[in-house]
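Novice: Each chain, written out:
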Amino acid sequence: MLYDIFIDPFVQMYDMPDFFLQVLWEGFVAGILYALIALGFVLIFKASGVFNFAQGIMVVFAGLTLVGLNENGVPAYLALILTIGVMGVLAYGVERVVMRPLVNQPEIILLMATIGLTYFLIGFGEFVFGGEPKQMITEQLGLPTGSTAFEIGDRGLIILQHIDIAAAVIAILMVAALGIFFNKTRIGRALRAVADDHQAALSVGISLNQIWAIVWFAAGLVALATGIMWGARSDVSFALEIVAFKALPVLILGGFTSIPGAIVGGLIIGFGEKIGELYWGGLVGGGIESWLAYIIALIFLLFRPQGLFGERIIERI
Amino acid sequence: MRNFKQLALGTAVAAGVGLTGILSTAAQAQDTNYVPLLTYRTGPYAGSGIPIANGMHDYLAMLNERDGGVGGVKIAIEECETGYNAQKGVECYEATKGKGALVYNPYSTGITLQLIPKAGVDKIPVLSMGYGLSAAAVGETFPWIFNVPDTYWDGASVIIKYIGEQEGGLENLKGKKIGYIFLDAGYGREPIPLLEKLAEKYGFELMQYPVPGAEMQNQSSQWLNVRRDRPDYMVMWGWGAMSPTAIKEAVKIRYPMDKFIGVWWSAGDDDAAAGGEGAKGYKALNFSGVGGDFPALNDIRKHVIETGNSSTDAASVGSTLYNRGVLNSVIIAEAIRTAQEKTGKKVITGEDMRIGLEALNLDEARLEELGLKGFAHPMKVTCEDHGGSNPVFVQEWDGKQWRQASDWIEPMTDEVRPLLEAAAKDYAEKNAPWPKRTEPCPD
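Chains A and B, in that order, give the protein sequences.
Taking this note's numbering, the leading residue of the first sequence gets 1, the next gets one more, and so forth.
Taking this note's numbering, the leading residue of the second sequence gets 1, the next gets one more, and so forth.
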């Protein structure tokens, strides 16, 4: 038993290096995708202190809108632009109808409002697009398909899916763009001010409503990118909403307010669950990755309760 | 005061709704046969649930339009959305059983398992066509449950038999590795006892890859395990978003698709199409017709779809899961007709329906008469055997559509039946005091 736990997995890694590299690659891709989802949660939490329960359904909604428009004859790139517009309208609507009337309400009320928004979007999405899964328009969007295989040694093989490479590149670009937006632009600095203290931000003339609309729009764009990438890996269906909650352990680990935290947390969870499942999962019959991510997050929490990059809140009595 | 007014208004509305419900129930009882359909058009499993729901609805609606129902009595069809959720399924059951329901089609093994103990108490049979509890095929123990034309154990035995044929005989399975990827729920776990038994008998290694419901669209770990283990064949019990994702992942790791075989529920057109060109060669079991070229389906187009009485897209008539839904309703309608003949009543009850199901004999001549020649293998239900262990065939995806890839294959009845009987006995003991059968066999 001790051999199976402490020795055998490492022997396997050594014996099958190509497979180990493939596991690392899959962990990296999964981590990037988790990070993308987590980014959507972080953006809204930073600006309003709200855990946006609707982020998962926003991923589905954005993906369905894109594919649905294309199915109705709208060319892919125009559909993409229109979907961005729809996410903008959604952001404006959420700010006007959900957020603005609830200013100064306890955070639990705002959380409940996002749960309500989730069910509205599920019903609205099913009403407009139907419940059938849809194929992502990967090729029409110019995204790469197919794969490249690298042979290692006599039998070794690493297969890289082109869409996974594109997902990694797009995620990195999005993070960089968001980093520049938050740190180098006026609106970004205003957003950080709102995140630090709503009242102080208001007192210096920052429009809370405008910031919230912008941040919901940014979260909508992240949701769209996630929907495209994840939809290309499987399909666009309402089951994707459940996958979105894979971001929870990422948030616990990386902190709810940190963009780098979302990225690093996503990668740790991605690598951790794949390596754990592939090399230790068999000891307990497999299927451990759904809860292993939480175990990894909880272990980190023992040492850093605020998450890896979360802000340490000290309340003096 | 305002609250009091609202309360009074609410009570009046509720009373009105209740009264309407009672009146409509009375009306149903007088001149229609009421068939509730537990369906799921929403949620993670909608991709599989929608075509089946459409097929079930459209055939019954066609009979209403074309023939005025069955035996001159219209069928009152009511759908209840379960979302493939056992709790919601039971709520649908409780909400509709009082309206004179003739039969329930849960379309979920989880819901079926919940309804099995209720069926005998409420005297409403459950038709779990090719799913649910395999042991329910033993009519002596489960007089109210029907899983014709086949149980999951029949299906699993056909897959192993088919693999054996590919290898030149079942004896050649010794030392082979057969992977089993399944939805980690009652549905996917159901055939494991039989597969383990067959693995022991024929000497192959059964490798299991469970896919939790929440991970249906995130299966890369399972398929990395497949890549490492290199099973000679892969068998799938997938549903909803799991099946297309699994096929995509199989393509991704370059698993040979001609060695990947799904159960009849992993046989959706959309499931296979998701894998694109790489999915060519993927196989699945089937027991309902391939394609839309059947007179009865033409009648559905004419009487239901073209008249706008269906939510079905005309192009999806003839898809595997749509046809499966149609076959389900064919069994319902034929059981109603049989019950009417046996009891002499036109408007029947759940108890009468049980008799109709138990005396069901859908032979070749009757299938032809229904405009469904070759749509299904002839099937006959008996008091002893509610499953039938009927032959099924293997179909293959050619990149655009399914094609029949084998003759009808008989399940390994000699292996399956003793296990079914043992499992039925075990179920009755575990759920003691399980009622002894008192229902007489129909003449």
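In short, the hints are calculated from the structure, not lab data.
On a predicted model such as this, the values are computed, not experimentally measured, just so you know.
Don't take each hint at face value.
With the C-beta cut set under 7 Å, the calculated list includes, among others, these residues of chain A facing chain B [said to hold, decoys possible]:
(1) 19
(2) 26
(3) 105
(4) 107
(5) 111
(6) 131
(7) 243
(8) 290
Residues on chain B that point at chain A, a partial pick, calculated with CB under 8 Å [said to hold, decoys possible]:
(9) 46
(10) 47
(11) 203
(12) 206
(13) 210
(14) 216
(15) 217
(16) 277
(17) 281
(18) 393
(19) 396
(20) 399
Calculated lysine to aspartate or glutamate pairs in the DMTMM-like style (CA-CA distance at most 20 Å, straight line) [to be verified]:
(21) A:134 to B:79
(22) B:400 to A:71
(23) B:97 to B:67
(24) B:174 to B:205
(25) A:134 to B:277
Don't be surprised by glycine CBs; every beta carbon is placed ideally from N, CA and C.
Novice: Given residue 396 of chain B was flagged as interface, is its beta-carbon under 8 Å from a beta-carbon of chain A?
Specialist: Interface hint status for residue 396 of chain B: violated (21 Å vs cutoff 8 Å).
Novice: Less than 8 Å between beta-carbons is the criterion; does residue 47 of chain B satisfy it with respect to chain A?
Specialist: holds (4 Å)
Novice: Under the criterion of a CB-CB separation shorter than 8 Å, is residue 399 of chain B in contact with chain A as hinted?
Specialist: Violated - the Cβ of residue 399 of chain B stays beyond 8 Å from chain A, reaching only about 14 Å at its closest.
Novice: Have a go at the residue 26 of chain A hint: is there a Cβ in chain B nearer than 7 Å to its own Cβ?
Specialist: With Cβ-Cβ at 5 Å, under 7 Å, it holds.
Novice: Is the hint on residue 277 of chain B kept, meaning its closest Cβ partner in chain A is under 8 Å away?
Specialist: Violated, because the Cβ-Cβ distance from residue 277 of chain B to chain A comes to roughly 10 Å (cut-off 8 Å).
Novice: Would the hint on residue 46 of chain B stand, with a C-beta cut-off of 8 Å toward chain A?
Specialist: Hint on residue 46 of chain B: holds, closest Cβ of chain A at ~3 Å, below 8 Å.
Novice: Hint check: is the beta carbon of residue 206 of chain B less than 8 Å from a beta carbon of chain A?
Specialist: Check failed: Cβ of residue 206 of chain B comes no nearer than 13 Å to chain A, outside 8 Å.
Novice: Need the status of pair residue 174 of chain B, residue 205 of chain B: alpha-carbon distance at most 20 Å?
Specialist: With a Cα-Cα distance of about 8 Å, the restraint between residue 174 of chain B and residue 205 of chain B holds, given a limit of 20 Å.
Novice: Using 7 Å as the Cβ threshold, decide whether residue 131 of chain A counts as touching chain B.
Specialist: holds (3 Å)
Novice: Can you verify the interface hint for residue 243 of chain A: is its Cβ closer than 7 Å to any Cβ in chain B?
Specialist: It holds, given that the least Cβ distance between residue 243 of chain A and chain B is near 5 Å, below 7 Å.
Novice: Does the interface hint hold: is residue 393 of chain B within less than 8 Å of chain A, judged Cβ to Cβ?
Specialist: Status violated, d = 26 Å.
Novice: Please verify that hint: residue 217 of chain B, Cβ, nearest Cβ of chain A, below 8 Å or not.
Specialist: Given a least distance of 4 Å, the restraint on residue 217 of chain B holds.
Hint check: violations occur at hints 3, 4, 5, 11, 12, 16, 17, 18, 19, 20, 21 and 23; the rest are consistent with the structure.
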